[in-house]
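Participant: Between the sequences and the hints, there should be enough to build the whole structure, so can you do that?
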Amino acid sequence: MPEMAMVLRIIVSILLGIAAHTDIRARIIPNIITAAVATAGLLHAGVEGFLFSAGHLALVGGLFAVCVGLFAAGAIGGGDAKLVPAVALGLPVASWPAFLFVMAIAGGMVALVMLLRERMGGRRSAGARTGVETAALAADPAAAELRGGVPYGVAIAAGGLVALWLPA
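Quick note, the sequence shown lines up with residues -17 to 150 if you use our numbering.
Hints are computed from structural coordinates only; laboratory data are not their basis.
Each residue gets a CB set at the ideal place from its N, CA and C atoms; glycine is no exception.
Hints are supplied without guarantee of correctness; some may be wrong.
Label pairs and their calculated CB-CB ranges [stated by the list, open to error]:
1) A(-13) to A17: 19 to 27 Å
2) P(-16) to E100: 43 to 51 Å
3) L33 to R99: 20 to 28 Å
4) G51 to N13: 37 to 45 Å
5) G90 to G51: 35 to 43 Å
6) G103 to A40: 41 to 49 Å
7) M102 to M(-12): 40 to 48 Å
8) P79 to N13: 25 to 33 Å
9) L94 to A36: 33 to 41 Å
10) M102 to L24: 21 to 29 Å
11) A(-13) to L39: 34 to 42 Å
12) G51 to L98: 23 to 31 Å
Facilitator: Have a look at this one:
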């Protein structure tokens, strides 16, 4: 693997970790993180040689359309709907089955944990916020209320990490 591809994989991995963390803590995935994932993913795709394949871009567009539909139906959040195609930009299409499968399994596990936590009376506490979380909350005042729901960014990050690091 070329050195630049390795550096970009590490950058995307860190960004996915930040996205998962902010989604857990504040139930928001900041647009700056999603844009950075997409940018680093595009650079990675260019280094790996699958950038601007018409089929790849068409599939990313289709995936984005599906995610927008899920967002409109209230099934996923807006940050999730943007992060999924951002991750897919940096993956070869051959890695998508692993990405989507791991994301689905991890999403089910996260949902189960959240359900069990809710049933056991667990509550989220605001706790100390990172700079990214503070900026995200400032940009979206509605996020100041601690949000319920499933932090699906964790599942997206898990799927993205597996697909990014496993050979296609």
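Participant: Could you run down the list of hints and mark each one as holding or not?
Facilitator: Consistency of the hints with the structure:
no. : hint                       : in the structure
1   : A(-13) to A17: 19 to 27 Å  : holds, 20 Å
2   : P(-16) to E100: 43 to 51 Å : holds, 46 Å
3   : L33 to R99: 20 to 28 Å     : violated, 41 Å
4   : G51 to N13: 37 to 45 Å     : violated, 20 Å
5   : G90 to G51: 35 to 43 Å     : violated, 20 Å
6   : G103 to A40: 41 to 49 Å    : holds, 47 Å
7   : M102 to M(-12): 40 to 48 Å : holds, 42 Å
8   : P79 to N13: 25 to 33 Å     : holds, 28 Å
9   : L94 to A36: 33 to 41 Å     : holds, 39 Å
10  : M102 to L24: 21 to 29 Å    : violated, 42 Å
11  : A(-13) to L39: 34 to 42 Å  : violated, 20 Å
12  : G51 to L98: 23 to 31 Å     : holds, 29 Å
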